[in-house]
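Undergrad: Going by this note's numbering, the first residue of the sequence shown is number -11, and it counts up by one from there.
If you are wondering where the hints come from, they were derived from the structure by calculation, not from laboratory data.
Every residue gets a Cβ at the ideal spot worked out from N, C-alpha and C, and that includes glycine.
A hint or two may mislead.
Said to hold, decoys possible - Computed list of lysine-lysine pairs in DSSO-like fashion (alpha-carbon distance at most 27 Å, straight line):
| id | residue 1 | residue 2 |
| --- | --- | --- |
| 1 | Lys351 | Lys334 |
| 2 | Lys173 | Lys127 |
| 3 | Lys431 | Lys449 |
| 4 | Lys289 | Lys344 |
| 5 | Lys114 | Lys75 |
What the hints assert, rightly or not - Using C-beta positions, here's what the derived DEER-type ranges look like:
| id | residue 1 | residue 2 | range |
| --- | --- | --- | --- |
| 6 | Gln301 | Lys429 | 32 to 38 Å |
| 7 | Arg94 | Gly421 | 35 to 41 Å |
| 8 | Glu123 | Gly347 | 47 to 53 Å |
| 9 | Gly259 | Leu466 | 50 to 56 Å |
| 10 | Gly212 | Gly126 | 25 to 31 Å |
| 11 | Asn185 | Ser226 | 55 to 61 Å |
| 12 | Leu283 | Gly347 | 17 to 23 Å |
| 13 | Ser95 | Lys344 | 38 to 44 Å |
| 14 | Thr470 | Glu64 | 36 to 42 Å |
| 15 | Lys407 | Lys127 | 46 to 52 Å |
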Amino acid sequence: MPCFSSEKQGYLYYRNNKIYSTPFKGRTEVYALTDVHQNANKYCHLVNEIIQRAYQQDNIILLDGGDMFKGIYPKESLLGVYKTAKKRCPNLEIVYNVGNNDPGFRSEDRQCFRDYLKILNQSGIKVISANLTDETTGKIPEGIKPYTIVNRDGDNILYVGFVIDKIKQSYQGMSSFNPISALEKLAPELKKQMKENNCKGIAMLVHDRENNTFKLKNKALELGLNPEFIIGGHIHRSYFDDKEHIYYPEAFGLSMLHFTLDINKTKHSIGNFERILPEYCNLGIYEQDIKEVELTEDFDKPIAKSVIELDYQYKPKDKMLFTELGTFYADAIKNITNSEIGLVPKSYIYKTLPKKQEGYITKRDILKTFLQPSSNIMIIDVTPEELRNIYQNHIMKKSKIYESSQNISVGISSDNIVKQIKINGKELFKNDGSPVEPNRKIKLAIDYFSVWESLEKDYNKKESQFSMYDAIVKQLGLVAETFSGAERYPVAVQYVEN
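I would like the entire structure built from these sequences, with the hints used as guidance.
TA: Printed below as a string of structure tokens:
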């Protein structure tokens, strides 16, 4: 399988066999992307655009907010993309901040991440995370630094990275701790390094939610560190705050952010913002590799006849937190495992799966719609009270926001307290709030990663023989057989309990 690192005959190492050198004059061209999640096609379009621009100017830095892995294309196909970019353009600086999904959840995932770190390190690409810990050593994992200093023609900038708190990969020997605590501990060293290296500023890469990023910036200011800007990741959507200089690029390679950082004796400024879309870029040096992977993976293989649209639009005016596509997905994993309930995170769904006129849904359609469908379904047994806690976290957004199978109805009070849950119309709780059957065990199908990332209790879990992809394919076949095309897919219900 191609690793996007081959040097093909016929390409010039530099444009016209020479390096184009441009004076910095205090300006750095910053390019930022995040949460690619193995969307290699769009990702390679964007990276190739950076390469083309780096042929013409050498004051470019690429900042990656993390979560390269867990997604569409095979992991192996992502490993050499930055290596090739760096080899083509040695003056291109690349800083990669580790995301919570990068280390993986299985031993083979962790080994792939080690291989990726090795490639990045050997290619001169900086990998950072200040609050990631190797539990065997109690230190930051090998191949990762808490921060790095990038020298752009004397305009030294220190970049420090953080990932969300308490990622649950400890069984693979890796975990994280509170970013604010990490910053407090690291602040004296950061100040010392900035002084000794005559740094003109500091910037942060934060793979976390916006509210936590704001808290981290406020702590930095309290500690006497004033970030020029912060590149965020993890939330899977764009978010810009020009006042605070906090910027989250879009996920999945849907676009890349470009702006300029100007530093002179009297003023530091950010401007000239540009949103770069992959559809307006060329694959260039990655084109043949992408074609080979897509051919090998048989992305255009027909799966099932397309008979209805599966909508992924929220309808808050109807007080409905569940969607057609989400309910379909939850039904799929419930049905294939013969479970009572299915739960899938909303964040693992990209967009609406449209109806194709006289067409078939392909493997490519599935991979463009659902995140990481290759992972296996997990089965856990929960009591009614435990199930209520899961939904309570869902309602209060303390954990992942889940989609439920259509046989579920969730009754909440006006102050967002889960009062009742019905499975196939049967109530689990009495009027006084106590369970009808306190010791009942409910078989719950859930995606593999949520078991490790989100559930607040270490449930007795069992890995099924079926992948999420298997479930989707089977459910699509069922839909094709049972729907005529005029109906809408039924959804799970959330209602107000009196």
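Undergrad: Each of the hints needs a verdict: does it hold here or not?
TA: Hints, verified against the model:
Our distance criterion of 27 Å between C-alpha atoms is met by Lys351 and Lys334, whose separation comes to about 20 Å. At roughly 13 Å between alpha-carbon atoms, Lys173 and Lys127 fall within 27 Å of each other, so this suggested pair holds. Straight-line distance between C-alpha atoms of Lys431 and Lys449 comes to about 10 Å, which keeps the hinted pair within the 27 Å bound. Restraint check for Lys289 and Lys344: the C-alpha separation of about 15 Å stays at or below 27 Å, so the hint holds.
Pair hint Lys114 plus Lys75 holds up; C-alpha atoms about 14 Å apart against a cutoff of 27 Å. One distance hint, 32 to 38 Å for the beta-carbon pair Gln301 and Lys429, holds here, with the actual separation near 35 Å. Distance hint check for Arg94 and Gly421: the Cβ-Cβ separation is about 39 Å, which falls inside the suggested range of 35 to 41 Å. Range check, Glu123 to Gly347: Cβ separation about 50 Å, and the 47 to 53 Å hint holds.
Between Gly259 and Leu466 the beta carbons are some 53 Å apart, a value that agrees with the proposed interval 50 to 56 Å. The supplied range of 25 to 31 Å is met by Gly212 and Gly126, whose beta-carbon atoms lie about 28 Å from each other. For the hinted restraint 55 to 61 Å between Asn185 and Ser226, the CB-CB distance of approximately 32 Å leaves it violated. Distance hint check for Leu283 and Gly347: the Cβ-Cβ separation is about 21 Å, which falls inside the suggested range of 17 to 23 Å.
Separated by about 39 Å at the C-beta atoms, Ser95 and Lys344 satisfy the suggested range of 38 to 44 Å. Between Thr470 and Glu64 the beta carbons are some 38 Å apart, a value that agrees with the proposed interval 36 to 42 Å. Between Lys407 and Lys127 the beta carbons are some 47 Å apart, a value that agrees with the proposed interval 46 to 52 Å.
In the structure shown, a violation is registered for the earlier hint numbered 11 alone.
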